[in-house]
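Dock chain W against the given chain V, drawing on the hints supplied.
Chains as they are written, first to last, in the numbering used here: chain V, 1 to 170; chain W, 1001 to 1392.
Careful, some of the hints might be misleading.
Listed next, with one range per pair, are the computed distances between beta-carbon atoms [said to hold, decoys possible]: (1) 1258/W to 23/V: 34 to 40 Å; (2) 150/V to 1049/W: 34 to 40 Å; (3) 108/V to 1066/W: 39 to 45 Å; (4) 129/V to 1310/W: 55 to 61 Å; (5) 151/V to 1303/W: 47 to 53 Å; (6) 88/V to 1073/W: 36 to 42 Å; (7) 10/V to 1341/W: 19 to 25 Å; (8) 134/V to 1121/W: 24 to 30 Å; (9) 1114/W to 103/V: 54 to 60 Å; (10) 88/V to 1022/W: 54 to 60 Å; (11) 21/V to 1347/W: 53 to 59 Å; (12) 46/V to 1310/W: 42 to 48 Å.
Read the hints as simulated data drawn from the structure, not as lab findings. Glycine included, each C-beta is placed from N, C-alpha and C at the ideal position.
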Amino acid sequence: MEIAFFIITALLTIGAAVAMVLSHNAVHSALWLVLNFFGVAVLYLLLNAPFLAMVQITVYAGAIMVLFLFVIMLLGSEQGQEEVNGLPWQTPVALVMGLLLVVMAGYALFFPGTPVPTTQTPNEIGAPDILARKLFSTYLLPFEITSVLLLVALIGAVVLTMKSREGDRV
Amino acid sequence: MNIWVRLITLLFVSLILFLATTTAFAYLTLFERRILARLQNRVGPNRAGPGGFFQPLADALKLFFKEEITPAQADKAVYTIAPALAMIPAIVLFAVIPFGAYLDLSFLLGEAARYVPIQLADVNVGVLFLLAVTSIGVYGVTLGGWSSNNKYSMLGGIRAAAQMVSYELALGLSILVAIMLTTTPTTQEAANASLCSLMFGQQPVAEISALSTCRIVESQGGWWNIFKPTGLLAFGIFWLASTAEVVRAPFDLVEAEQELVGGFNTEYSSMKFALFFMAEYIKLIAISAIGVVLFLGGWRGPGVDLLYSLGYPNVAGLVSLGYFLLKLIAFLFFSIWVRATLPRFKYNQLMDLGWKRLLPISLGLVAVTAVFAVVTQDMNPYIAGLFGGFRR
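Only chain V is shown next, with the shape it has when bound in the complex:
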């Protein structure tokens, strides 16, 4: 039953991703992406990581995509113009790299290495309190670096708006 559930979810997720790329209307694209996020959240649940699943929905589907929609609606740019390809060298590079990815995935599929031994059962890893403990002990440095990075972005955004206001006054 779990396998059947996984296959349905995976197909839905991939289908939503494809539909997002192919859709001509920006709002429709955004909605397909939200569906994709939900599919990924369900996959996290299947992997015994409820915390990650909930955070995925809250942060990506609930906050980031709402802001995307907000901007699309505010600018009224649902129907993107027929754009000229500004980066002509991009297409061959993307093709090569995509091919490389497929080869790597195929290699991993057909020649699996020895699995990394885990000391914890999957049930333990997904629990919120264990995740929190790990985050604030073993992975404290990456955690702090990430928060500093976010703070820099925040200050950057404030500084950008401040500058334009000074310009008005002069």
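Using the frame of chain V, we list chain W on its own:
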């Protein structure tokens, strides 16, 4: 238990919950209209049935038979699914709300039903589930406004997106305070099986996450969170932020009749309009229920524990459900009272309140709660309980 039996049971309970929620919605509208009328020195709808008891039925019947119009230039697909997108998250919220303690149905269904929780599911990320579902509730309103292809509707939709994203932060932080006040069980408590572990499998109490809604209610056996100093402040912030989150008066800018003709739902008619209306009220009930669970002690009240220890689990279960509903109705009454009293905010005031007042205050409150919890942890258990000290 067989997985299919379990699945069918869950579906059945979900159906009951769904019907109960929609009925509660119908009578909340009547309750609100009668109370608003009293507060404004009017009589209110009292003609259909005794005291207007059949008014919701009449309203529903009327809405069913209204003509359904789709604007010619609307985005048909999005226009059609928007009401459903508003409705689904509102109802899903009820999945993890503990309405009461437990019933003993072993005389009916055998030994397996000795502890039947009055709650659909208890997940170890319960509160995060609530936050996640609330955060996607904005799509219905926003998309409804956009897809109507009407300037005023779209303004309503844009306002909804900005408002809900802004107030989610303060809402989440005030909920965080309630979680921090959920004390970790003492070794004494951990030795005994707790209610939550009895109702949802036999895991020891120390392993139940503090994010579980059942555990949050259970931990309020001594002091309810609203009676703790930091809890009271957090409750105030929660109440303001949740009112803004469900776009109720005085924060109902998404449907400001005077400026936006109607609001995000101007172009909607018949049952599609009714679904938006329903979603709004069901979300109000849900967020009030969340407030009761997090701050007002959920189903706790004098006598429940006593009745359980005397060996009347079914009476105790029903009494606990009664306490929960009583608190919920009080919460809803307060919300209606505020709607009748306060005028609508201006948009800049709304944003100022969210970002410049509530967000810094709630951030500070989280820090203060953490400090109190650490300072009081080795003190007298009553003081430690009052400040959410982590007892050992």
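Okay, the hints, checked on the actual structure:
no. : hint                        : verdict
1   : 1258/W to 23/V: 34 to 40 Å  : holds (37 Å)
2   : 150/V to 1049/W: 34 to 40 Å : violated (57 Å)
3   : 108/V to 1066/W: 39 to 45 Å : violated (58 Å)
4   : 129/V to 1310/W: 55 to 61 Å : violated (35 Å)
5   : 151/V to 1303/W: 47 to 53 Å : holds (51 Å)
6   : 88/V to 1073/W: 36 to 42 Å  : holds (37 Å)
7   : 10/V to 1341/W: 19 to 25 Å  : violated (52 Å)
8   : 134/V to 1121/W: 24 to 30 Å : holds (26 Å)
9   : 1114/W to 103/V: 54 to 60 Å : holds (58 Å)
10  : 88/V to 1022/W: 54 to 60 Å  : holds (57 Å)
11  : 21/V to 1347/W: 53 to 59 Å  : violated (36 Å)
12  : 46/V to 1310/W: 42 to 48 Å  : holds (44 Å)
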